[in-house]
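Asker: What follows is the residue order along each chain.
Protein chains: 2
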Amino acid sequence: MASFFIKQETMVNPHRYCVIMCGGIGSRFWPYSRSSRPKQFIDFLGIGRSLLQMSYDRVLDIVPPENVVILTNEQYASLVREQLPGLADHQILLEPARRNTAPCIAWAAYHIAARDPEASIIVAPSDHLITREGVFVDAVLAGFEFVEGNDALLTLGIKPTRPETGYGYIQVGAAVSGDIHKVKTFTEKPRLELARVFLESGEFFWNSGIFLWKADTIIKALKENAPDVANTFERGAGLFGTPAEADFIRENFPGCMSISIDFAVMEKARNVYVECVSFGWSDLGAWSALYDNSPKNRDGNVTQNCSVLAYNSTGNIFAVNGEKLLVVDGLKDYIVADAGDVLLICPKAEEQRIKQMVNDVKLAHGDKYL
Amino acid sequence: MASFFIKQETMVNPHRYCVIMCGGIGSRFWPYSRSSRPKQFIDFLGIGRSLLQMSYDRVLDIVPPENVVILTNEQYASLVREQLPGLADHQILLEPARRNTAPCIAWAAYHIAARDPEASIIVAPSDHLITREGVFVDAVLAGFEFVEGNDALLTLGIKPTRPETGYGYIQVGAAVSGDIHKVKTFTEKPRLELARVFLESGEFFWNSGIFLWKADTIIKALKENAPDVANTFERGAGLFGTPAEADFIRENFPGCMSISIDFAVMEKARNVYVECVSFGWSDLGAWSALYDNSPKNRDGNVTQNCSVLAYNSTGNIFAVNGEKLLVVDGLKDYIVADAGDVLLICPKAEEQRIKQMVNDVKLAHGDKYL
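Just so you know, the sequences run in chain order D and C.
The numbering of the first sequence is this note's numbering, which starts it at 1 and goes up by one.
The numbering of the second sequence is this note's numbering, which starts it at 1 and goes up by one.
Quick caveat, the hints were computed from the structure, so don't treat them as lab data.
Treat the hints with caution; some may be incorrect.
Which copy? The list can't say, so a pair holds if one copy fits it or any two copies do.
[What the hints assert, rightly or not] Quick list of in silico lysine-lysine cross-link-like pairs, DSSO-like style, CA-CA up to 27 Å:
#1 K362 with K296
#2 K184 with K223
#3 K324 with K355
#4 K324 with K368
#5 K220 with K184
#6 K355 with K189
#7 K184 with K355
#8 K332 with K184
Bear in mind the structure is a predicted one, so any value in this text is a computation, not a measurement.
Use the sequences and the hints to build the structure in full.
Answerer: See the structure below:
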C-alpha cells in the first residue's frame, strides 16, 4: 500500500539491548493476578495493553525491536508469544525454574554477549508503571551513554514523593555526570520515621530495579561478586546463541543458587552508580500502589473494569473481572477483587496478609484457586 | 413393582384445599432473588428443595395433592410447572398483574368454591420457613376443624421469641377453643420499645399471613368488607372452573384494586380469630431473617453454597452462587451476596435499603440486573 507519510525512523544504536524480566507470579495481587496469568500479563489499568506490553512499547524508542529479550518462566511462554507476537523465538528465554533476578540477569548477559560482544543492556521489570515515558526515554539514553563510556553498573533511582516504607532506598554520593552519582549505600525497606528522614534529606532515592550496563561489565561483576552464579553460566561458554543453549539451560539453570542481583552484585561491587530520575514510577507492588496510581472518583474509590453503585463507601479499590455490577454499602478503605472463581474482600491496610491468605487457600484447596 | 410395604394413606378430608401464594418478587433478597427467579423458587437453605417445594411438601399431610392450588404471576408459570411437575394445569392460577393478596385470595376462593361449594381453605405464602412441620400440621388440622364448624376467619399467630420490629402483631382476646382466640387488634410493625412491651405482655403474636376459612366465609367477608374486590369476581359467576375462566381473569383481574387481605378484610371483619401457635416460623423476609434461621460457624458467620476463608470476620452472611471461593478479612455483620452478574456487599443493619438500591440499579441499568 502506498502512503503519503514516511515514518521517520528513530536512530537507535544497534548495540543496545533491553532485557524484560517477566517471570514473577504477582501473588500480592491475588486473586486478580493468578499463577496461570500473573499481573504483568493483565491489562491492569484498563487501557487495552498489559503491563508487559506497555514495558515493551516504551523501549522501542531506545533499542531495535529485535534487540528486546524477554526472560520468563517456561510456564508463560505462550502468554508472552500471544501478547508480543512480533518476537522471534530467540528473543524469549524460558527459565526452567524460579531463581530470583541474579541468575536471570546473568543468563541474559551471557546470551546477549555471545550475540554481540559490544552489547549494552537495560534490564527492566515487566510489571512496573511509568507515566512519563518521554522523560524515561531521555533518562535511559543518558544512562546508556554513561555505561558505554565507563566500567559502570548503573541503577535508576527514583526521586521519592512520599515516605514510602515499601521500597528499598539508595543513598547517593558524589555526582559524576549530569544526574549520575556514585552510590553511597543501599538501604532495605525503612520504618516510617526513617522513611521520613530519607525523604527530607534529599539524599535518598527509591531503588527501581531498572539497571544499565555493558554485557561484559555485568559478566565481570558477576565473576567477582557472585562466582557461584557466574560459574553456572561459564560452563556454557560457546553454547549461548546456539541450538544447544536451551538444553544447557534446562540442565544447569535449576542448579543455580537463587539470589537477587542487588544482594549478589549491586551491594558489593565498587563501580555502582545511580542515575537520579523522576518519571512517574510505581512498582505496582500491591493493591495500594495500584490505588495510589489510579484515577479516583469523588468518593476516593478506584474502579477497575466494572460497574459500581457505592453508598457510604470511600477509599476503596473495586477490581472485578467482566460484566459484573457491584453494589456496595458501608465499606471504607477495602479491596474488593473478584476474579471469577475467587472473591477477595480485605482492608487495604491488611494487604500484606494476602500472601498468607494465598498460602491458606493452597493448604485448603490445593492449586485450584492460585 | 411389588412391594412388601404398603404406605398407610393419611386420611385427608377431600373438601380441604390449600392455596399457595407464589407471585412475589422477593426484592429484599436481591441480588440472590431476581425478578426472573424470585426467592420462593430458590433452594435457599441448600437442602435440595426450593421454598415453594417445601411449602407444597408440608401440606400433603393435610390436603389431597389435587386440592393444592398455586397462585402466581403468569411470568412464573414455567418455574412452577418445573418445580411442581405433578400439578395439573387447573391447579396453577396465573395472575396477569400484581394486585397484592386480597385479589389473589378472592380469585382462589371463587375458583375453589365453583369446584366444591363445601370447600375449606388454608392460604399460605410460598416463601416462609417452618421448621417443626409436625406441629404445623396439627395446628392446621385444628384450625380446619374450627373454621369448618364456625363462620370464622382464622389467622395463625406465632408466639414471639424476640422483640422483632419487622413483623405485624396480633393482640389476642378471649379464648374460644383450645389455642384459638378472638382477635382484639392488628398492629403494624412496632418500634423496638413497643415490641419489647408486646413480647413481655404475652398477649401479642406475630401475624404469619397464614389463613384458614371456608370458601363461602371468605367470599361473604369480601362482599361485606371489600365490595370493590368482590364485585370484580362476582362478574365472573358461572365462569370459574370453566374454559372461560382464564379469559375472564385476563380481562378483569388487572382492573381490580391492589390491596392486602389484612387491610381489605382481616382488620375490618368481626368474625376474625387467631390460633396461637409455635412451630419454628420465619417469613424469611430479608437477609437477617435468613441469618437468624441458619446454622452459624463458631465466628457467627452463615455460609450459603460457597467456600469461605474468613479472617477477623464475624456475624456475616455469605451467600454466593456456584463454585466460588470467598476470602474475607475484617468484615463484621455484613451481607455478601454474589449472584453471578451482581455482587452485593452491605451491612446487615442496612438491609432495609436494598429495595432502594434495586431502584437505583434500575434507573442506572434498566432491567438487566433485576
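Asker: Compare the structure with each hint and give your call.
Answerer: Now for the hints, and whether the structure bears them out:
| no. | hint | result |
| --- | --- | --- |
| 1 | K362 with K296 | between (33 Å within a copy, 24 Å between copies) |
| 2 | K184 with K223 | within (22 Å within a copy, 96 Å between copies) |
| 3 | K324 with K355 | both (26 Å within a copy, 19 Å between copies) |
| 4 | K324 with K368 | both (22 Å within a copy, 11 Å between copies) |
| 5 | K220 with K184 | within (21 Å within a copy, 98 Å between copies) |
| 6 | K355 with K189 | within (18 Å within a copy, 48 Å between copies) |
| 7 | K184 with K355 | neither (33 Å within a copy, 62 Å between copies) |
| 8 | K332 with K184 | neither (41 Å within a copy, 48 Å between copies) |
When held up to the earlier numbered hints, the structure conflicts with 7, 8 and fits the remainder.
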